[in-house]
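**Student:** Two chains, each in its own frame: build the complex with the hints.
Those protein sequences? They're chains S and C, same order as listed.
The numbering used here puts the first residue of the first sequence at 1, with every later residue one more than the last.
The numbering used here puts the first residue of the second sequence at 1, with every later residue one more than the last.
Rather than coming from a laboratory, the hints here were simulated on the basis of the structure.
These figures come from a predicted structure and were not determined experimentally.
Ideal Cβ positions, reconstructed from N, Cα and C, are used throughout, including at glycine.
None of the hints are false.
Estimated spans, in silico, between C-beta atoms of each pair: (1) S/G205 to C/R41: 32 to 40 angstroms; (2) S/R305 to C/A203: 38 to 46 angstroms; (3) S/R305 to C/R49: 31 to 39 angstroms; (4) C/G419 to S/L246: 55 to 63 angstroms; (5) S/P234 to C/G375: 53 to 61 angstroms.
Derived list of chain C stretches under chain S, where covered just means 3 residues or more per stretch with a C-beta under 8 angstroms from a C-beta of chain S: (6) 236-247; (7) 259-265.
Computed from the model, here is a short list of chain S residues facing chain C with C-beta under 8 angstroms: (8) M1; (9) S4; (10) A6; (11) N108; (12) L112; (13) Y255; (14) F307.
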Amino acid sequence: MLSSTAKNLYWMGRYLQRAKSTARLIEATQRMALQSRGEEAAGVAAIFGMEDEFRQSQAQGERLASLIDFLVIDENNPSSIVNSIGAARRNAREERNNITVDVWESLNALWLELSARLRGNRATLDRGALIETVKKQAVMIFGAAQVTLLRDEANNFLQLGAFLERADNTGRILDVKFHLLRPDGNPSAEGLDYFAWSELLACVGAVRTYRRIYRSSLNPMKVAELMMLRRDVPRSVHHCLWMVDLNMRELADAYGTRGEADRLAGELHARLRYARIDKVFEIGLATFLGQLRGDIGTLSDEIGRQFLLD
Amino acid sequence: MVAKAFDEMNSGTDGSVRAPYRGVADWLARTSPERLEATRREVDLFYRRHGITFGAYGAAEGSETTIPFDIIPRVIAYDEWQFLHKGLSQRVRALNAFLTDAYGEREICRAGIIPEEQILMNGEFVAMAQGLQLPGGVHAHIAGIDLVRVGEKDFYVLEDNVRTPSGVSYVLENREVMMRLAPELFAAMSVLPVADYSEELLATLRSVSFSDGHEPNVVLLTPGHYNSAYFEHAFLADEMGIELVKGSDLFVDESRVYMRTPRGPQRVDVIYRRVDDAFLDPLAMRPDSFLGVAGLLGALRAGRVNIVNALGNGVADDKSTYTYVPEMVRFYLGEEPILQNVPTWRCDRADDYKYVLEHLAEIVVKEVHGSGGKGMLVGPTSSKAEIEEFAALLKARPDNYIAQPTLALSTCPTFVSQGVAPRHVDLRPFVLSGKKITIVPGGLTRVALKEGSLVVNSSQGGGTKDTWVLASDQADDR
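Chain C on its own, in the form it takes in the complex (with noise of 0.2 angstroms):
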């Protein structure tokens, strides 16, 4: 079985309530659970009536349904803030400088560090971005770092999202929630506000728009809204009060991008796009695609229109090359990291191959280029014919998969049927980088609702917390 896992409210020396975790205690303390059940279900119907709903893939076509809320916040003190601050904007400065490099030089394989293999062999690696110039260097403008917590001092970066994070429209939904539903519970704890991302987002896909010396216009490309993160694109385009676009109003003449409008076209600068890399445009991409824009591309390399996040990111969060982050760190920016990644194992090396199949039992594999907590095996929740299964996919193709060892990821104080029990919660806060790099405080806490269940993706019946960094260490003065 898993080690014990670290509790964030109550693993203080002695098994007494950490600091930051004091106001939550006493709420909770003097909050009945009939109480905590009618907010429970004011949630629910918060949610739902203003369709705050989430599309499963796979479900039938236009099945909403809610990710479910938990109404304990979970709490990060300042200093503690602070640390994380500054290892995920340097991690992410390292990405930043990767994404140029592989689309570049590519210095780092000349320097022996990652084999050029790793890169152009990526099935993610767009050979049409190779020598492109973008505005400020940046490729990854939006990032969502997955992190687990093991200790009091211990974060490990789980994985990198770099392609087209999703998210962020619950961190800003379940603040709004909160205030909303326990007023009282802010009035004690001095907590840091997070409204600011939707201004900071926009102002970071203006400054990385090609043209100067007039207004960009920015978009937000979605899929539609039968996907499955429509909501956060229809709120975020909303929150920013930009268009918000599907290929069809998009058009492409003489290299620039226009929207169709009553008034005739009207110019495109920049697209914030939620549309994969391989749907972009038909005629460089998938021709099938009937989510992109024809000629996209050709205005991308003419330097008419910039697209976000960048085209190709997925060579840099695949989980083979996560293992590289660490030395990225050092070859780009000669600094020590400061988050640590978890130690994997990776089943394209005949030595880690032979440890992975013997420790199935043991460990997580996953997928390199899996997400969503498919594809994946948790080898101590597993059972024995789950484990033979996986076994002989792993055996198949062993260069597709990775594998950690399993991490008793932290547990907060959840809110489930029988009662306030711990659940394990992992943290992904967005980075964002244009002109500078900016990052709300906090980010998206995942919680397993399950008993013992390690994954918390959303589509794996995961729930989401409000995460709160506080803002200072005011706890402790108590």
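Excised from the complex, chain S in its bound form (with noise of 0.2 angstroms):
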């Protein structure tokens, strides 16, 4: 396999994991905004480090319908839905004879469909329905790529790419709502908006399963375990170091060599495999995170040099 070939795959993973979480995190805000008051665009502006740029901008109303507009179709933002799908069919099409035609098709198709709702007119598009498609979509091409790829190391690089940025969306909606909402980084259940917290959860799709987990009502410092520690919850951080991991050591094994990426995803996965959520709340979850965030952002660079992809 080429090294081109890996960066290719590897970005398309994380292209295709930023349109979903993105997705999911947009339809989250706007599920909050019809019941609640008007923050949770700041929130997300937050999110995406944009929150200077976003409270000069208009009236509150406005705000949240153009911040979603900005995420999801502007031509201008490299991390748009719309061009991180267009980033990742480009990926795919330079390796269209190392993907399967499942996953080729399936990409190709929610592509289509993008670029034929792009082509009408912007004031009445649909973006519920938009967002929609590629949340459906995007499920579809993961899972084609999870029944028909060759276990190789074309596939190590797709999943590292995408369990490596839903490690990072996950790590950075917990850091900064967490923030927002405590911004004591006080853990207890005190005063807690409902609403407010189950919006968190929904940003990463997991509302039932902390009421399927912990059987109680919402609590920061579980909700933090949830979305951090638990290694059964799929779009948790642990549950996403681990698989990089495992994809690390796979390619290890096919090479017969090592670096210190290796050594930083085992480290990594360590860290979160044996943290407690008490002790972190002892550190500080910001404290926890900002080295978190910091170390995923140093991983990535460093897959970037041990397999040549940049």
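**Tutor:** Below you can see the structure in the form of structure tokens.
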């Protein structure tokens, strides 16, 4: 397999996951905005690191709509859903011969549908339907990969990209939203705004999962535990870094070499595996997550260096 | 106007249906236009979903269109194919002998058959390829020979393509589509399969590696996904299970070519390149090329990597060399050519030039190095102004043009907006040469979808058809 193939598959995984995460985040935010007051948009803006630009812009009501457009269809935003899908498709198209027809066709179908929707009148474009399409079809694409791709290095790189992106997304959502809801970092359930906290869970599609696991009312510490430390929750940071580590090990076995990226992947996995949520709050969630997110970024750089992706 | 064309379905004796087409005629008779229209729409959807697209040059970056596919197959009888097969093999053997000679001793020039300047002054001549001993003496490993039919027994070679001929992916995909859409038609007629092309191509590529004694690593070199034929490059690499590489994936060290992989460098033995000569090696050819690999020609000259098709093949397939091919067959093989050339006037000859200028309205004039149906004049279908404009070009550089009589290309029933109607077609079979010659039955049939048009190129609004070579003279037995 070529290095350029590894790179394309890795980024295809990242972009697809990015589009999927953004779609879910917007959906949760919109639902939240329907049932409460107005700061949701600011929270979302913060997740994408655009709080300041956002505060300067228009009236509250228009803000959410324009933010959503920025995240969904804006050509100037390289991480907008439409641009992410376009980038994933470009990566896939360059690797047509290295992915299965099923993966290619489901991704191409999504791109064709988005293109068709965008050709119409922007004013009447149904954003909700577009987001729904992205969510559904992304599941199809990852599903097609799951059941049809050869379990070889190419698959490892695709998985690596997707799980690293997802670990980063979940970490960022938890970090930003927790801070907004509890600037003092207090994990107690006192004076808890039920809607705001269930929205946070909805961002990673885990409202029902929470009830299933804890069978109790919402509690910030448990929310943080679920999103960060639960290995059995497929969007938790722990689960994602476990998968990153697993794929790194498979590559190391195939190549017979190990490097800094392998060490860091193992260390991050172990850190989450053996962390206890009460200890995390002793250090401070913001501190713990800040360190974690920084290390995920370093891991991403190291993977690039080690496998000639850059 | 052009003489009445030979219709491959309806030109039987007294206008009856010709034997090989009986199955198709029956099928058309019992299939409603609505059904055909529904099928046609299904096909378009299939091609789009698969991303079997074609980015036309000059169109907006990244724009992708599909080449129209006509659902009525073009049928070739078994004995017709036997005849074509023999003729094609012979012609390609002669072209390969010529290329070996042109970059070697140039015996054919010394024998007074082809003037030496025809080779040496040719813009496509690659001096660095002189004296190379290529495995098996093969230069044109993949040749696309464009044929036209004008009568029951009359086939002509219109053009040889021995640089980087494309279109074979459509042969394979068109067949896939037809089997899906009209299984009943396959059941009624016995058609020779084409699906083994990729296997034969891989075998051919492997057979021309310089290095024996170890498994050759074969790769396909593409200019990248903005190239109009990118789909085909990816398709063939996938079918053969080889790496699809860009110039940036390869490098040369100590005259050996390697590809970059996460495991480290891996040696490359044969490069099936779909990049033009000029862009292959910035050190040896165009220095501004980003598509090639620095040092590639050095590795070739050192006998460490073989490049397929060979460099400098353009001296054998431009439209002025074309006129010499029958002579090549006689000279190198000592045989009479089986396939005929279209009579051709060379505008660099005073008599021919004079004739061409006087008869522009009746004939077809082409650029010597033109391709894709551009830079040509089809006299009978051109306006007076177009003819005058072209005459000016011709006068400025007579040696840049050749001319041929306007042939009445055969027609095949084709499903167009008005229903089923005859449209002109040509045929491009693909001839593989390695240790042996292999030709997958049939080839790419291109069809001019505009009524009366003789230009079949996809860049000029042409479409394609599935080409069926019948397994035996079955149709006659019925």
